[in-house]
Amino acid sequence: MIDKTCSATEAVKFLNHDQVIMVGGFGVPGTPFLLIEEIIKKDCKALTLIKNEANEAGLGVSRLIENGQVKRLITSHLGLNSTVIALMNEGALEVQFFPQGILAEKIRAGGAGLLAIVTDIGIDTILRDNKQVVRCNGKEGLLESALRADFALIHAAMADRAGNLVYAKTARNFNPLMATAANCVIAEAEIIVETGQIPADQIHTPGAFVDHVVEIGDLPPEYGVLEHHVH
Amino acid sequence: MIDKTCSATEAVKFLNHDQVIMVGGFGVPGTPFLLIEEIIKKDCKALTLIKNEANEAGLGVSRLIENGQVKRLITSHLGLNSTVIALMNEGALEVQFFPQGILAEKIRAGGAGLLAIVTDIGIDTILRDNKQVVRCNGKEGLLESALRADFALIHAAMADRAGNLVYAKTARNFNPLMATAANCVIAEAEIIVETGQIPADQIHTPGAFVDHVVEIGDLPPEYGVLEHHVH
Amino acid sequence: MSLRSEIYHQNMGYLSIMSIDPKIKISKRAAQEIAPGQIINLGIGIPTLIPSHLPPNMPLSIHSENGVIGVGGSVDRQHADRNLIDAGGTYIDTIPGASYCDSALSFALVRGGRLDITFLGTLEVSEKGDLANWIIPGKFAPGIGGAMELAQKARRLIITTTHTTKQGKAKILKECRLPLTASKCVDLIITELSVFRITPKEMILEEIAEESDLETVARHTEGSFRVSENLTTF
Amino acid sequence: MSLRSEIYHQNMGYLSIMSIDPKIKISKRAAQEIAPGQIINLGIGIPTLIPSHLPPNMPLSIHSENGVIGVGGSVDRQHADRNLIDAGGTYIDTIPGASYCDSALSFALVRGGRLDITFLGTLEVSEKGDLANWIIPGKFAPGIGGAMELAQKARRLIITTTHTTKQGKAKILKECRLPLTASKCVDLIITELSVFRITPKEMILEEIAEESDLETVARHTEGSFRVSENLTTF
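The listed protein sequences derive, respectively, from chains R, A, V and W. Here numbering that gives the first Met the number 0 is used: position 204 in the first sequence is 203, and no number is missing along the way. Here numbering that gives the first Met the number 0 is used: position 159 in the second sequence is 158, and no number is missing along the way. Here numbering that gives the first Met the number 0 is used: position 85 in the third sequence is 84, and no number is missing along the way. Here numbering that gives the first Met the number 0 is used: position 113 in the fourth sequence is 112, and no number is missing along the way.
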């Protein structure tokens, strides 16, 4: 039987300077904090990061950015992270914004081996500037090229040893998309079960897309409820 | 609570001549035989049909085609249906072929509100003829426009009253894609449970995409194992 | 000035204040736009107050773009689930029949035409229905998020906003000055003073707050509008 | 003619027949190309025989494009599940760890570069690695199915085919005459006579069947090839 489990350190062994890294998560849910911490330890520099947002100051990918490891951020919204916005405004971080669902589609297109998608989202806005316009059945659309990465860092609620993944609630978000779109896909999981124990119809990401599975063990506190978001 | 259950007859009430209809299924698994039978009863004509294949002679959508109700078929492969191939060769049926995964992506793109996808599949083949070529990051791709339908006919293993759907094994295939890509989405289900009974993480198609749910009742024989495919 | 005297609240941006909170007034009126069984998305701010004005047990699916269809409401610390937030980061619960999906399917619902109404706040809105609410160049540029897709592709886009900025400047303009979120996308503008309907031809004042009057509305609205022959109060 | 005399089997298309079935010979050799843990896709015909030659318990994922990753094998009537077939319509079972997916994700696996090997039969293949196996204009046009994607995007494409047509005509050509499935996509051609490797520069005869000889291979191969300095038999 295939066994893809390994330590976080082994999993990121070939991760290096100047690479492109996709990181799952939308806020805390689905953010692979353990794997991010491993990249901070490795201190790889000049990374291009693809993530929906930059978490919040002092947390998750924000720590990578604050640590000066990120050259470029491809994202959707930074509204909850004034630290990263400040770095962007200072010119210390290059940021490229996409509409959230278009960012998702670009990543998905990368995973699906497509060259691009064509969308009319933003067609009447400044997003049109410098973008290739494609006519399709008489309508104008913007060409949005596919995004792929060297590494995808994924957080799953459960994995089996073959890399089949299940996500929990809103921790799904970008994870299943990114899990298809990188040359090396690393999934951290809260629980690892024997292969065959997850009912096949309930698997969200087939193990065929996943290269390494890392068990998180006892959940560190950053995975918990953010007190300042409780109303 | 929302209750989308109704009879097959009610569900197809507004289905009419000249409409575009997507039908789920890959072979027998996932083919909505009950809903297809309802369209045969209605005898709507000049339909455009979108389906992976045409089932086999005398079965499923092949019956619709044999009954002269279909003007145009958008499909991937007809290898198991010489009856439909003969109708195509006679000119009685217009057929448009796409690579199977590209057909899936075109439908998905329709569901996702995209105008098109760009792919290099078939770029060096006769598929290139008469297609719009788009340059994307120095590579050439074919523009494949999104497909949508007036109706999508879906087969699910289980549904709840709110239209949440679960598929079984290889009966999933095109169903979840088509369930996003039509103005009216009708799902037949082998079992209908009360809303809330399907664990939310196990739902394949959210009810928000589904307009009507039809209970199949006792499964007619065409849903069963095809004896001539048993080796 | 009318008898219903207008008080400008510094740092509030609300006009024509009666005893009722303008946010309540706006969100209460907005709630009336929702039909049973619809799928809606609520932006941050005033839109989040809308569900509290709906009849109990009204069937409704609240979509949050981080991948949940069937939001219940916000929950307290005791009920907060670390895996269950809305797109604003608030801990929520769900209604029976709720489902989760990835970010691609979540926005497929929006762009594919399954979202009945988006309720959003705004910085500016034009008489043509153009919306500008995502960027103030050089000042405020946190990114796009879901705003463009929610604005451009919902079947109806309803803007719930204070009638003016905190500085008392008109938000309902002839033309947006800020970069657009989407053009010709707004169907209805609900403020504490008025309800405007936008058609392909014109902006129409359909309702006026009972605490306000036509003169007040006109003074604080830069965009041209026609007063409906069926003008009512709310 | 060599001592290993060549017998042309009418209606078989197999050459150089010994006691062993050529289909077995081809599929047995093809099985050696699979490394543990790989993800493979098997076309109809000879490719379906490949798994029977693999060591038992070799970890492997067989992908079938109708949405299953982890095919076991075909099953008898008693074990046939109405919801579980492969892309050819055969009732199958699955291995532990198998998963199901929709047709979009199934082909994302193929086009996204996760499929290690596709094994396909063919009508024609050229010395440059062009493949033609989906259409004979005016005669055979059942559609494309998954062939183009499987041929164009698998990490390796291995053609398992009889060396000639049933009529004894070469299938390994200088240029394909039929419309292509994909260009420059073939990595290896395994027939009952030979194993050819195709590089960007040339086609190389790497192995020759122990039942055959160079002259026989050359006579039935239209495409140009270089004989490897390390030519072996199989």
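Keep in mind the hints are simulated off the structure, nothing from the lab. No experiment lies behind these values; they were computed from the predicted model shown. Treat the hints with caution; some may be incorrect.
Unchecked claim - Just so you have them, the derived chain R footprint on chain V, three or more residues with Cβ under 8 Å:
1. 90-104
2. 118-125
3. 188-197
4. 211-219
What the hints assert, rightly or not - Per label pair, the in silico range of CB-to-CB distance:
5. R:K70 / A:R71: 44 to 54 Å
6. W:E201 / A:S81: 21 to 31 Å
7. A:P219 / W:G72: 39 to 49 Å
Ideal Cβ placement from N, Cα and C applies to all residues, glycine included.
Hints and how they fare:
1. Check on the stretch 90-104 of chain V: 6 of its residues sit with their Cβ under 8 Å from a Cβ of chain R, so the three-residue criterion for coverage holds.
2. Only residues whose C-beta sits within less than 8 Å of a C-beta in chain R count toward coverage, and the stretch 118-125 of chain V has 0 of them, not enough to reach three; the restraint is violated.
3. Figure legend: the stretch 188-197 of chain V, annotated as covered by chain R; annotation inconsistent (0 residues with Cβ-Cβ distances under 8 Å, at least 3 required).
4. Coverage of the stretch 211-219 of chain V by chain R is violated in this model, with 0 residues showing a Cβ closer than 8 Å to a Cβ of that chain against a need of three.
5. Range check, K70 of chain R to R71 of chain A: about 51 Å between beta-carbon atoms, so the 44 to 54 Å window is met.
6. The hinted range of 21 to 31 Å is not satisfied by E201 of chain W and S81 of chain A, whose Cβ atoms lie roughly 41 Å apart.
7. Judged by the Cβ atoms, the range 39 to 49 Å given for P219 of chain A and G72 of chain W is violated: they are separated by roughly 29 Å.
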